[in-house]
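Okay, here's what each chain looks like letter by letter:
2 protein chains.
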Amino acid sequence: MSRDGKISDSVIRRLPRYYRFLGELLEEKTSKISSGELSKRMKLTASQIRQDLNCFGGFGQQGYGYNVAELREEIGKILGLDKCRRAILIGAGNLGTALALHIDFHRSGCELVGIFDSNKNICGEDLGSLRITDIAELEQFCREHSPEIAVLCTPKSAAKELCDKLIDLGVKSFWNFSHYDLNLEYEGRDIVVENVHLGDSLLTLTYHTNNR
Amino acid sequence: MSRDGKISDSVIRRLPRYYRFLGELLEEKTSKISSGELSKRMKLTASQIRQDLNCFGGFGQQGYGYNVAELREEIGKILGLDKCRRAILIGAGNLGTALALHIDFHRSGCELVGIFDSNKNICGEDLGSLRITDIAELEQFCREHSPEIAVLCTPKSAAKELCDKLIDLGVKSFWNFSHYDLNLEYEGRDIVVENVHLGDSLLTLTYHTNNR
Numbered sequence: 001m002s003r004d005g006k007i008s009d010s011v012i013r014r015l016p017r018y019y020r021f022l023g024e025l026l027e028e029k030t031s032k033i034s035s036g037e038l039s040k041r042m043k044l045t046a047s048q049i050r051q052d053l054n055c056f057g058g059f060g061q062q063g064y065g066y067n068v069a070e071l072r073e074e075i076g077k078i079l080g081l082d083k084c085r086r087a088i089l090i091g092a093g094n095l096g097t098a099l100a101l102h103i104d105f106h107r108s109g110c111e112l113v114g115i116f117d118s119n120k121n122i123c124g125e126d127l128g129s130l131r132i133t134d135i136a137e138l139e140q141f142c143r144e145h146s147p148e149i150a151v152l153c154t155p156k157s158a159a160k161e162l163c164d165k166l167i168d169l170g171v172k173s174f175w176n177f178s179h180y181d182l183n184l185e186y187e188g189r190d191i192v193v194e195n196v197h198l199g200d201s202l203l204t205l206t207y208h209t210n211n212r
Numbered sequence: 001m002s003r004d005g006k007i008s009d010s011v012i013r014r015l016p017r018y019y020r021f022l023g024e025l026l027e028e029k030t031s032k033i034s035s036g037e038l039s040k041r042m043k044l045t046a047s048q049i050r051q052d053l054n055c056f057g058g059f060g061q062q063g064y065g066y067n068v069a070e071l072r073e074e075i076g077k078i079l080g081l082d083k084c085r086r087a088i089l090i091g092a093g094n095l096g097t098a099l100a101l102h103i104d105f106h107r108s109g110c111e112l113v114g115i116f117d118s119n120k121n122i123c124g125e126d127l128g129s130l131r132i133t134d135i136a137e138l139e140q141f142c143r144e145h146s147p148e149i150a151v152l153c154t155p156k157s158a159a160k161e162l163c164d165k166l167i168d169l170g171v172k173s174f175w176n177f178s179h180y181d182l183n184l185e186y187e188g189r190d191i192v193v194e195n196v197h198l199g200d201s202l203l204t205l206t207y208h209t210n211n212r
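Chains A and B supply the protein sequences, listed in that same order.
The numbering of the first sequence is my numbering, which starts it at 1 and goes up by one.
The numbering of the second sequence is my numbering, which starts it at 1 and goes up by one.
Extracted from the complex, chain A is given alone in its bound form (with noise of 0.2 angstroms):
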């Protein structure tokens, strides 16, 4: 298996939606699925998925089709979810208390352990399992827990002094909601960023929408 980090960045961005489409296949209790089928389901090519899937291996067998639930649990240690990082929460408005109740952070390899915010009014409250606590104690938190991972509901003129400090406490990946484009600023930095723009895909769906 060809795991020399060659792996093209489309592909890496594809293995989410075959892992989710492989569980939803799996729920359904389909066991074996030819690349014809998924490519339907996928809308993709058969050859693209044959040639993605190739990148790792291969675990298709010529007239057989692939084990969905062999092949989702080589995708699943691909991404990594056989290990559990920890991850912490900041900005607990409605968009940080969306993500800490809707996203199955388990489910992708992580572990929500701390959800901070600046409001002293709701600090103290619970949100799902946790409860929020002061911003005031993110360093002594982080010192404590190592949190390797930090998600990002802050206004973005909150973000960049708020990424710094936690880079100086030992925090390396950013799930950014902030506005504030993270990777430009850390650059060959070992820093990993993924910045969720919900603006610009709201201005994908205009355009396709003007140009239906």
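Rather than coming from a laboratory, the hints here were simulated on the basis of the structure.
Note that this is a predicted model, so its numbers are computed, not measured.
Cross-link-like lysine-lysine pairs, in silico, DSBU-like; alpha carbons within 35 angstroms at most:
no. : chain 1 : residue 1 : chain 2 : residue 2
1   : B       : Lys77     : B       : Lys40
2   : A       : Lys43     : B       : Lys156
3   : A       : Lys40     : B       : Lys165
4   : A       : Lys32     : B       : Lys156
5   : A       : Lys40     : B       : Lys172
6   : B       : Lys77     : A       : Lys160
7   : A       : Lys160    : B       : Lys43
8   : A       : Lys156    : B       : Lys156
9   : B       : Lys43     : A       : Lys172
10  : A       : Lys156    : B       : Lys77
11  : A       : Lys172    : B       : Lys40
12  : B       : Lys40     : A       : Lys165
13  : A       : Lys43     : B       : Lys43
14  : A       : Lys32     : B       : Lys165
15  : B       : Lys32     : A       : Lys156
Could you slot chain B onto chain A? The hints should help.
For chain B alone, coordinates are given in the frame of chain A:
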């Protein structure tokens, strides 16, 4: 200017980013920028940027760079931001509330005209400048206001039936957060869908965290 619909998907995906970055430049009172400077900011190559912008006729002048305001306005027109399309949001839970309050629909060429939920306990409450309406009134509302875009923040289980209904009521575009892949159902039916899978985004981050 080439607006013959031959613009590739990857260029279209980058348009909202160009638009956002140019907006930030304007806020910083930057009136012109070279493709080299823009490339540093956007983490694209200068030649990629020149190629992208040439798709729309090319706005740069040799030795001068791009006029930020003009370029932004032109990209805005291509995105369709000079129009204003009516949008409704369905599902006023945490995520729906976050979107209703924090997304600048106007800036994205839309106007949010209605918010619906099936939970009678929150119907009648204000959300931003709108009031949450009982989903039972959806049909009548659509007949009267003809919204074109629906933002779906419902559970996966409700999405399919709701979409069929909305399509019958004339909605053609879906910004879909429901974990249900809509475009697979409505292929070839002139329906525009932007599926947002936040879980896929977290899985991508997990992969990169494990493969730093």
